[in-house]
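First to last, the sequence lines map onto chains L and W. Its first residue numbered 0, the first sequence is counted upward by one per residue in numbering that gives the first Met the number 0. Its first residue numbered 0, the second sequence is counted upward by one per residue in numbering that gives the first Met the number 0.
Check each hint, because a few of them may be wrong.
Straight-line Cα separation of at most 30 Å, DSS-like style, residue types lysine-lysine; simulated pairs [stated by the list, open to error]:
1. 277/W with 354/W
2. 42/L with 324/L
3. 324/L with 363/L
4. 328/L with 35/L
5. 324/L with 260/W
6. 328/L with 253/W
7. 354/W with 35/L
8. 103/W with 354/W
9. 363/L with 383/L
10. 328/L with 260/W
11. 260/W with 35/L
12. 324/L with 383/L
13. 354/W with 324/L
14. 324/L with 35/L
15. 133/L with 145/L
16. 363/L with 314/L
17. 383/L with 42/L
18. 35/L with 363/L
19. 354/W with 260/W
20. 328/L with 42/L
21. 383/L with 354/W
To be clear, the hints were calculated from the coordinates, so they are not data collected in a lab.
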Amino acid sequence: MKFPSRRTLAISAVIAAALGGLAWVIASQGPLAPIKVTVAQAKETTLALSVFGIGNVEARRSYNIGPSATGRVTKVLVDQGDKVTVGQLLAEMDPIDQEERMQASQAAADRAAHNVKSAEASVAEAVSRAQIAKVSADRYAELRNKNFISQEAADAKRHEANAAQAARAGAESALAAARDELRRAVADRTGTGKVRAQLRLHSPIDGVVVSRLAEPGSTLVAGETLLQVVDPASLWVRARFDQGRSGGLAVGLPAEVVLRSLSGQILHGKVERVDLVGDAVAEERIANIGFVTIPSGLTIGELAEVNIRRPLVEKTLAIPAAAVKRVGKEAGVWLLQDGSITFRPITIGAVTLEGLVQVAAGLKVGEAVIVHSSQPLSQNMRVKVVDALVRSTP
Amino acid sequence: MINLASRDILHGWGKFLFTGIGLGLLIGVTLSMAGIYRGLVEDGRVLIDNSGADLWVVQQGTLGPYAEPSNLRDDVYRSIAGLPGVADTGNVAYLTMQVSHGGKEVRVMLVGFESGKPGQPGYLIAGRPVMRSHYEAVADEKTGFHIGDRVQIRRHEYEVVGLTRRMVSASGDPMIFVPLKDAQETQFLKDNDALLNERARTAANPAFNRPNVPGLLEAVQASQAQSHQVNAVLVRLTPDADAETVAANIRRWKHLQAYTKVQMDDILVAKLIATSAKQIGMFLVILSVVSAAIVAFIIYSLTMNKVREIAVLKLIGARNSTIAGMILQQALGLGMIGFIVGRIVAGLWAPVFPKYVLLLPGDALRGFIAVMIICALASVVAIRAALRIDPAEAIGG
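Chain L on its own, in the form it takes in the complex (with noise of 0.2 Å):
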């Protein structure tokens, strides 16, 4: 038999390179190809659930203080960041005519107070006509019945007498008139005083406070805010929830919240209320979210992210999130079976932040579930499994 030359051999290699080329192209590339899937055993785990929001630092308790009636402001005695304490004059609004007022009303009293003194003097005057008046006509009565007097005499006596006590009567009602006077005169003076006392702005808290909208000399409207006074006791999250994931949101669940300028600190508290009214047009719900410790530094209106975390689902069987796939209207997962795959439609429980779903039926512990495919799976593929599909983050 005679030996292959060189050159025979040399060819021959060039045509297998090419055919084992075309094979690897067709083998790789072409439609015979199989799909490259990931998968994973469904197995018994503890999930540990929670629901995830955004929110804004918010006061729970929060004051605005403006005057009650349009006015200039005259003196604003605090700026932002000063603690005020309960009671503590914080401004002060034009009182215009107010001071005048005061003083005329007091005059006003003043005065009042001088009448009834002068209705007593005439009272008493009066009350010693009538005593003397009484006496005299009581003595020219005894007289008359002596007969040493006409009886004219003595009834004029009597009738001095009656008029007298006449007089009295009116001006102890004199007196009355003037107490009254005194009384209207002094509540009026109050009446103004409190008006006057209205312009000036007291704080209602201990807190510090947040905001100065006004300087003096500008003019505000009744109900318009000059300052706004918070309890910094009472700083809390209000936090907004997909309604879709919101389930299990309760009062009294530990939260961790994470605010955007320490993005790296995590910070403790516990859901305090959850609205009873949602955002029907975001669609969205809303809670509230308490500090354990309120930190140092924090900013009214800074953004938060909230995870809220609930209670743990012990053994239960779960799956990672990316082998729910939807066929049609069903989720379901595909199944790797001898190395072919079929399509089962899942029941699917709670999902966790981490990417677990909790499968609540149609499939049992150690079913081999597909995770990733490089391509859109459909029945009777034929699949490859592989560890991982792209390399890992270099």
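Since the structure of chain L is already known, use the hints to place chain W on it.
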């Protein structure tokens, strides 16, 4: 009977092989160009399939959401969900934008989707779906992002939690999927400077800033910063529903435009990418013609190089059919080598292209037949020339 063609090839096989490889590279370029054309069309189609929708509901009178801008209120879906034949609806927002990551700029299409609704990626090649309602993203592998990367998109940083494959816009930009609310904010909320300027502009307008109406300015400014808009509502139909009937219903009673899959395919393929597809197609035609001409020239010149040998063959009494067969077989052999090399190199460099290159087996088959026909035709010219050779040339100078 010995095979003259193979004997001749073996005689100068190196030259023959290199000619074949050169030819192969040219065929490879032509096949790749066909692949680029197919890829362009496929990019348009894949968008339709990946969205998982049967109907696209968009702003009235627009070709949205891919070919034209379209804006809808995001509560429109409620009135559509109640229509007969509608199984599921999903709000989506699309925005093509530039995202920079690690010093590199990537052009992406930002897709806002609702979890569990049409519009979300159908399958992943790594990682997990978006589970949080904010600030998580699933990116296409073409973006070059990895799982765990943090990507800044406008005002917020997003964590890449999953990767997809072949999720591209009609123009081939890779997609980044983020929760709908984030996408709305990205699309409609302005940057800080614009917000401040807008507030100042509103405050300067006496109609909104009235001294005797406290709170009006704040109310107006708050309403300006809201964004309850989406670009389209994707609708999935019940199995028994007729797409055109439901679409006609929406067009007539909801005063919105609705497109079926067929219409959307027409918009994307026939309208949106028509010009660039034609451009590539035109180039493909020219390249094919040029390739055919080059193949013909090569075979002709290969034959003409063998004038003396053919003359000798004639001199020793070889029949014309023997000579013609030799030339034809050589031409077909050359074509075969060229095609194999071309298909292999096209397959090798296709993944390196920045945009998708789709090498269809049908195209390869058509290419193979075309190469064989061109080779056969070219050899006819060479055969005619060979048969006219004077046997005397073998001994003449």
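Each hint tested on the structure:
The straight-line distance between the Cα atoms of residue 277/W and residue 354/W is roughly 17 Å, inside the 30 Å bound, and the hint therefore holds. As the CA atoms of residue 42/L and residue 324/L are separated by approximately 18 Å, the hinted pair is consistent with the 30 Å bound. This hinted pair checks out: residue 324/L and residue 363/L have alpha carbons roughly 17 Å apart, not beyond 30 Å. A C-alpha spacing of about 25 Å is found between residue 328/L and residue 35/L, which places the hinted pair at or below 30 Å, so the restraint holds.
Restraint check for residue 324/L and residue 260/W: the C-alpha separation of about 21 Å stays at or below 30 Å, so the hint holds. Proximity of residue 328/L to residue 253/W is assessed by CA-CA distance (about 24 Å); at most 30 Å being required, the pair is judged to hold. Annotation: proposed proximity of residue 354/W to residue 35/L holds, straight-line Cα distance about 22 Å (limit 30 Å). At roughly 17 Å between alpha-carbon atoms, residue 103/W and residue 354/W fall within 30 Å of each other, so this suggested pair holds.
Only pairs whose Cα atoms come within 30 Å are accepted, and residue 363/L paired with residue 383/L is accepted, the gap being roughly 23 Å. Our distance criterion of 30 Å between C-alpha atoms is met by residue 328/L and residue 260/W, whose separation comes to about 17 Å. Using a Cα cut-off of 30 Å, the hinted pair residue 260/W and residue 35/L holds, with the two alpha carbons roughly 29 Å apart. A hinted pair counts as satisfied when its Cα atoms are at most 30 Å apart, and residue 324/L with residue 383/L qualifies at roughly 19 Å.
For the suggested pair residue 354/W and residue 324/L, the alpha carbons sit about 27 Å apart, so the restraint of at most 30 Å is met. Distance hint between residue 324/L and residue 35/L is fulfilled; the C-alpha atoms sit about 16 Å from each other, no more than 30 Å. At most 30 Å may separate the alpha-carbon atoms for a hinted pair to count; residue 133/L and residue 145/L meet this at roughly 19 Å. Between the alpha carbons of residue 363/L and residue 314/L the distance comes to roughly 13 Å, so the proposed pair stays at or under 30 Å and holds.
Of the supplied pair hints, the one linking residue 383/L and residue 42/L holds, its CA atoms being roughly 22 Å apart against a limit of 30 Å. A hinted pair counts as satisfied when its Cα atoms are at most 30 Å apart, and residue 35/L with residue 363/L qualifies at roughly 24 Å. With a C-alpha separation of about 24 Å, the suggested pairing of residue 354/W with residue 260/W holds against the 30 Å cut-off. At most 30 Å may separate the alpha-carbon atoms for a hinted pair to count; residue 328/L and residue 42/L meet this at roughly 25 Å.
In summary, the hint linking residue 383/L to residue 354/W is supported, as the alpha carbons are separated by about 26 Å, within the 30 Å threshold.
Of the numbered hints listed earlier, not one is contradicted by the structure.
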